[in-house]
Amino acid sequence: TQLLEQSPQFLSIQEGENLTVYCNSSSVFSSLQWYRQEPGEGPVLLVTVVTGGEVKKLKRLTFQFGDARKDSSLHITAAQTGDTGLYLCAGRDTGRRALTFGSGTRLQVQP
Amino acid sequence: KAGVTQTPRYLIKTRGQQVTLSCSPISGHRSVSWYQQTPGQGLQFLFEYFSETQRNKGNFPGRFSGRQFSNSRSEMNVSTLELGDSALYLCASSSPSTGDNEQFFGPGTRLTVL
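So the sequences go chain by chain: D and H.
Using this note's numbering, the first residue of the first sequence is number 2, and each one after it goes up by one.
Using this note's numbering, the first residue of the second sequence is number 2, and each one after it goes up by one.
The hints are simulated quantities; they were obtained by calculation from the structure and are not laboratory data.
Keep in mind that this is a model prediction, so the values were computed, not measured.
Don't be surprised by glycine CBs; every beta carbon is placed ideally from N, CA and C.
Hints may be right or wrong, so weigh each one.
What the hints assert, rightly or not - In the EDC-like style, the derived pairs of lysine to aspartate or glutamate whose C-alpha atoms are separated by at most 20 Å in a straight line are:
1) K58(D) / D68(D)
2) K58(H) / D94(D)
3) K71(D) / E6(D)
4) K58(D) / E103(H)
5) K57(D) / E103(H)
Claimed, not checked - Covered stretches of chain H (chain D as the covering partner; in silico rule of three or more C-beta atoms under 8 Å from a C-beta of chain D):
6) 11-18
7) 40-46
Could you build the full structure based on these sequences and the hints that come with them?
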């Protein structure tokens, strides 16, 4: 069974601060995705990374896929209250179609 | 284009009952996946349907079943409900045109088992 561990589980910061969320596994994934989920809604895809060492930027969000394709990180610069939500990483194995989700990081950005 | 819709949004059942949840994918999407989300276990994959056939299955007991219709709409059924089945059930659809790589999630059905 492939497992994805996210850290930290909870994060409460002030608006304007920077933060990094980590997603780690002992397994290799063909691709890794990051989602954000807000209360009462389903997860929404933020980014997909497929190449080891790949870095993608989405405005103030920077996503990195580890060289060995076992881990990923999400860095948010100058967090805003609108960034509040549950951040989920999800990996896809080449042999399986199903996504394996991490346990999630609940981010609260205080004004 | 309308998003993924799930009905009902909220449901309360008692132990031993059965329940059917419905999911309508985005128009043109033929793949529908179901997930269970709980505070303790997070988001766990239940099964995936494509063209009315189950293409992949997670590690859930046989009480959890699903099906897909010719219009790609999908239903999942849980029989003999247990307290531990209380969860948010999410449905996601995807399209072969994007390699089924991006899954679009519905808002979920929150099931409470008393």
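Hint-by-hint comparison with the structure:
no.	hint	result
1	K58(D) / D68(D)	holds, 17 Å
2	K58(H) / D94(D)	holds, 14 Å
3	K71(D) / E6(D)	holds, 11 Å
4	K58(D) / E103(H)	holds, 18 Å
5	K57(D) / E103(H)	holds, 16 Å
6	11-18	violated (count 0)
7	40-46	holds (count 4)
Hint compliance for this structure: hint 6 is the single one not met.
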